[in-house]
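Following the hints, complete the assembly by docking chain X onto the known chain P.
Chains as they are written, first to last, in the working numbering: chain P, 1 to 572; chain X, 1 to 572.
It should be emphasised that the hints constitute simulated quantities derived from the structure, not laboratory data.
Possibly wrong hints are sitting among the right ones.
Identical copies carry no separate label here, and so any pair may be met within one copy or between two of them.
Below are the EDC-like pairs computed for lysine to aspartate or glutamate, each with C-alpha atoms no more than 20 Å apart in a straight line [stated by the list, open to error]:
#: 1; residue 1: Lys-168; residue 2: Asp-497
#: 2; residue 1: Lys-512; residue 2: Asp-431
#: 3; residue 1: Lys-51; residue 2: Asp-62
#: 4; residue 1: Lys-34; residue 2: Glu-121
Number of protein chains: 2
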Amino acid sequence: MLASKLYAPTLREVPADADVVSQQLMLRAGFIRKTASGLYSFLPLGWRSIKKIEAIVREEMDRANAQEIMMPILQPAEIWKESGRWKAYGAEMMRIHDRHENEYCLGPTHEEMITTLVKNEINSYRQLPVNLYQIQSKFRDERRPRYGLMRSREFIMKDAYSFDIDEKGLDESYKSMYDAYMNIFNRCGLTFRPVEADSGAIGGSGTHEFMAIADAGEADIVYCTACDYAANIEIGKPGVMKQDEEAYKDLETVDTPHASTIEAVADMLNLPLEKTIKAVVFSIDGKVVLAIVRGDHEVNEIAVQHAVLGTVEPEMATPEELEKAGLTAGFISPVGLHQSDDFAIVVDESVMETYNVCGGANKKDAHYININPKRDFDVDDIIIAPIRLITDDDVCPCCGGTLEHAKGIEVGQVFKLGTKYSEALQATFLDQNGRPNPMVMGCYGIGVSRTLAAAIEQYHDENGIIWPRAIAPFETVIVPINAKDSVLMEASQRIYDALHQADVDVLLDDRKDRAGVKFKDADLIGYPLRITVSKSTVENDEVEIQIRKSGETITCAIGMVTSKVTELLQDL
Amino acid sequence: MLASKLYAPTLREVPADADVVSQQLMLRAGFIRKTASGLYSFLPLGWRSIKKIEAIVREEMDRANAQEIMMPILQPAEIWKESGRWKAYGAEMMRIHDRHENEYCLGPTHEEMITTLVKNEINSYRQLPVNLYQIQSKFRDERRPRYGLMRSREFIMKDAYSFDIDEKGLDESYKSMYDAYMNIFNRCGLTFRPVEADSGAIGGSGTHEFMAIADAGEADIVYCTACDYAANIEIGKPGVMKQDEEAYKDLETVDTPHASTIEAVADMLNLPLEKTIKAVVFSIDGKVVLAIVRGDHEVNEIAVQHAVLGTVEPEMATPEELEKAGLTAGFISPVGLHQSDDFAIVVDESVMETYNVCGGANKKDAHYININPKRDFDVDDIIIAPIRLITDDDVCPCCGGTLEHAKGIEVGQVFKLGTKYSEALQATFLDQNGRPNPMVMGCYGIGVSRTLAAAIEQYHDENGIIWPRAIAPFETVIVPINAKDSVLMEASQRIYDALHQADVDVLLDDRKDRAGVKFKDADLIGYPLRITVSKSTVENDEVEIQIRKSGETITCAIGMVTSKVTELLQDL
Chain P
1 MLASKLYAPT LREVPADADV VSQQLMLRAG FIRKTASGLY SFLPLGWRSI KKIEAIVREE
61 MDRANAQEIM MPILQPAEIW KESGRWKAYG AEMMRIHDRH ENEYCLGPTH EEMITTLVKN
121 EINSYRQLPV NLYQIQSKFR DERRPRYGLM RSREFIMKDA YSFDIDEKGL DESYKSMYDA
181 YMNIFNRCGL TFRPVEADSG AIGGSGTHEF MAIADAGEAD IVYCTACDYA ANIEIGKPGV
241 MKQDEEAYKD LETVDTPHAS TIEAVADMLN LPLEKTIKAV VFSIDGKVVL AIVRGDHEVN
301 EIAVQHAVLG TVEPEMATPE ELEKAGLTAG FISPVGLHQS DDFAIVVDES VMETYNVCGG
361 ANKKDAHYIN INPKRDFDVD DIIIAPIRLI TDDDVCPCCG GTLEHAKGIE VGQVFKLGTK
421 YSEALQATFL DQNGRPNPMV MGCYGIGVSR TLAAAIEQYH DENGIIWPRA IAPFETVIVP
481 INAKDSVLME ASQRIYDALH QADVDVLLDD RKDRAGVKFK DADLIGYPLR ITVSKSTVEN
541 DEVEIQIRKS GETITCAIGM VTSKVTELLQ DL
Chain X
1 MLASKLYAPT LREVPADADV VSQQLMLRAG FIRKTASGLY SFLPLGWRSI KKIEAIVREE
61 MDRANAQEIM MPILQPAEIW KESGRWKAYG AEMMRIHDRH ENEYCLGPTH EEMITTLVKN
121 EINSYRQLPV NLYQIQSKFR DERRPRYGLM RSREFIMKDA YSFDIDEKGL DESYKSMYDA
181 YMNIFNRCGL TFRPVEADSG AIGGSGTHEF MAIADAGEAD IVYCTACDYA ANIEIGKPGV
241 MKQDEEAYKD LETVDTPHAS TIEAVADMLN LPLEKTIKAV VFSIDGKVVL AIVRGDHEVN
301 EIAVQHAVLG TVEPEMATPE ELEKAGLTAG FISPVGLHQS DDFAIVVDES VMETYNVCGG
361 ANKKDAHYIN INPKRDFDVD DIIIAPIRLI TDDDVCPCCG GTLEHAKGIE VGQVFKLGTK
421 YSEALQATFL DQNGRPNPMV MGCYGIGVSR TLAAAIEQYH DENGIIWPRA IAPFETVIVP
481 INAKDSVLME ASQRIYDALH QADVDVLLDD RKDRAGVKFK DADLIGYPLR ITVSKSTVEN
541 DEVEIQIRKS GETITCAIGM VTSKVTELLQ DL
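Pulled out of the complex, with its shape left as it was, chain P reads as follows (with noise of 0.2 Å):
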């Protein structure tokens, strides 16, 4: 291809209002353009990235004998209500009526859609297994859309969904998919971890959410440096920290006024933060619950979700909630309270191994010093469990082994669904001795449109992009100095040709611009390889080929640039 013709508009200034490098970066260098909040268009460029994704991403899942296919991406709302999804999606979910009044959301997953395709077909045991994937733009509105294609409201998503007679054959196509899942990031050169994660709204046994590990990254994770263990903070299970053991003191009330938070309380009584407690008051199904952890932890949402054993993610309280509770913001603590029907109390269990420490006296402006939580707390009443994050002062759970705190974008992730939709839906196949089972499930995702800006995150420099030769718009760009120049046009369609008829996906920047903005474009742009046809070189029958990823040259006989690029893209 000839960048004469290439429509990629490319830009010198940062735009303002671009928050994350990728962002920056796909913006600058012409993949992409901003429609509306959350709402992208891809330029050519940002395309052929994602067509090769998408090439690798096929690829993989069809050698896992996953089958495509293509659903629609307007769901009739009824799907949803039998799932019980319907409520329980909230916002997120984009709904819209047709001119007869009938509702349907714009798919932000396929579950429900799959399964109902699914179970008036399969009947018995001998159809099993089945896995079936397709690539298509899903649809969730963002409360606040942000980071580019990271969060946006509408992207390209890769869903697959197995079926399996039993627990057995699920942990087979959970396996294969994970291997692919492997594959696939691999080949698309990102650095990444699986990790252990929690099945959210989606439902299921188990689950590995696949992170690009990156600074960028919205979600935390913690990893061995001596196992494979590897955890999205939200399900990393923390050991219980025990503090030394010491003579209880006498529970007093002191003043700390206008000190509603506990760093201020510890400041103001000068006491280390793992001398202190503190709560967090969520809502959760309706119910007020308070959590409790020491000053220096935090709470982990999640683990107190599961604490309550509630079905929707815990949102903080308002102030009408904590008032009705008869609770005093940034004075609670649980010393004196008892849950109610509407009102559970969750503490640590690391809370439980403190002595003489300072929380709150459940009046303004004074807090407690001396509680001690096996004395003071009624630990009949109250729900004792590990909310708090983990963290790498924690020690690995599997293997004890030192533990390191990351940054990571999810790019994919596999559940075990189980029969949660098979049985919401009937979806139910004869096994060997005629009797009716629900077909046991898994599904299967990859955030095409995120693994694109993942990949930027990870390599990229103060020039721009730095692609891996996988997922590259091209492989190698060639930029004659002068192109008005005719032998260094000649040598340049030459080397073009000879690379073409080699299958390397190459760009002739054939632009009668100046050399220095050519090769500003190919930095910002980010091809792995670099041909430079100079003058000086091409007298003596020689090209530079600079690498974009060491900023190494090499000078190469024009007669061996195939072979030397071929050799080179393999390491890229």
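Below, chain X without anything else, positioned relative to chain P:
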């Protein structure tokens, strides 16, 4: 691929609500499933064919220097309000609010969005021409979705948009797309004709529809048997039909009780239909429009719209509108009527060449006889225009040859848009003299899913589909008569490997079903070639190759299968 692993549930019964052959066969052969009214899922076989059509479209678009992009499905209302189409599009446009009450539509087409996309990037004539396309799901809320994939509410479309500096450039872009479309539909194996058409709601100055000829088509076209002329009858220019001149007789009123159709009147008065005139009353842009054609002709609504310079498609006038205009339904003629600001009279050219004809007397249960339009109509106060539909009684307007009538499925359309959208959305560029000009646009659509349906409408028999090779889900199926016979399975596998090696898209039907079931499925699904591997032939080192299209069976040495199949496929 192995048939035992393929998710392709076939049905023996014709589904009750399938109203055209393509829908029946795609449902029966396991290509699609219906999710809701006008919404379909593609199963693996259907999706394979769709992907083949998409690949052909991509190749021809890329060859024509169009570049693939992807715009969002969700489109902000603002840009549609700027172009004036937010209202004009009416109930067919699916509209949605996000959580912040911002309005969007689900893209039925993308003129507004593409114009908005390029207008900030293209500033100079040097950057033009540009042609951008995408292949994407589109949405139209049909009042009555029907005919399976041919009139569904969510469908796959390729839409391309060209931008040029002037009309001459547009002509070239248009020609290039026209040629690409010829290649695409030829390669897909369709029997089709490009026809002159009306540009409808999209607007613009010239357009061709690509019509797949099929009885199930919703469009009526005429084409010349002598020259290349072909037109949608909406736009086909009828000639003026002259009647033999007669001396004017006196206008008389006759009682025609309850005869409110022209057929009933002609019957009652024993007149041939061509000696009558009939009235159809429309509402266009809030104006009541009386259209008059000969009793044996039909009104062309689009021509009426053009005659009164209407901006929207005509609707039939309501009883209230008729009453308000003082018209007596069933008994209307222009005799004694006059136009006003909210009432227009449009008379077909051929009506003006009639003598002593019968028409309404503008009062209940009465008609005039001996109307002579040139005498009895106020010729200075009516619009005379060619507003009847062309028929195969007409002669070719190009060469005078004989016209034939056919039904067509519109699988593609190319439009010269001109500057309608670039002016509305201020998409200008600086010309060579530094002066701003609106870009001159074209747009070009292909119904990808509709093309699939059209191919089936054209190629099927009582046993199933007969795929053109290029878009068949598999090119060849290998059917071992008995999948439990290891000799047959080994021979089949060898043939499979050899064909696969030679890039033939082949399926091995390894299912343990009876041969009859597999043959029935092969015919229903419509693979172009079926290789039957049976004991009697394998013993002679031979197999039978059956051509689905002709039914012809060829005996072929196993060692020659690959070359024979490759040769046969070339003609299919």
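- Violated constraints from the hint list, given by number and in increasing order: As far as the earlier hints go, only 1 is violated by this structure.
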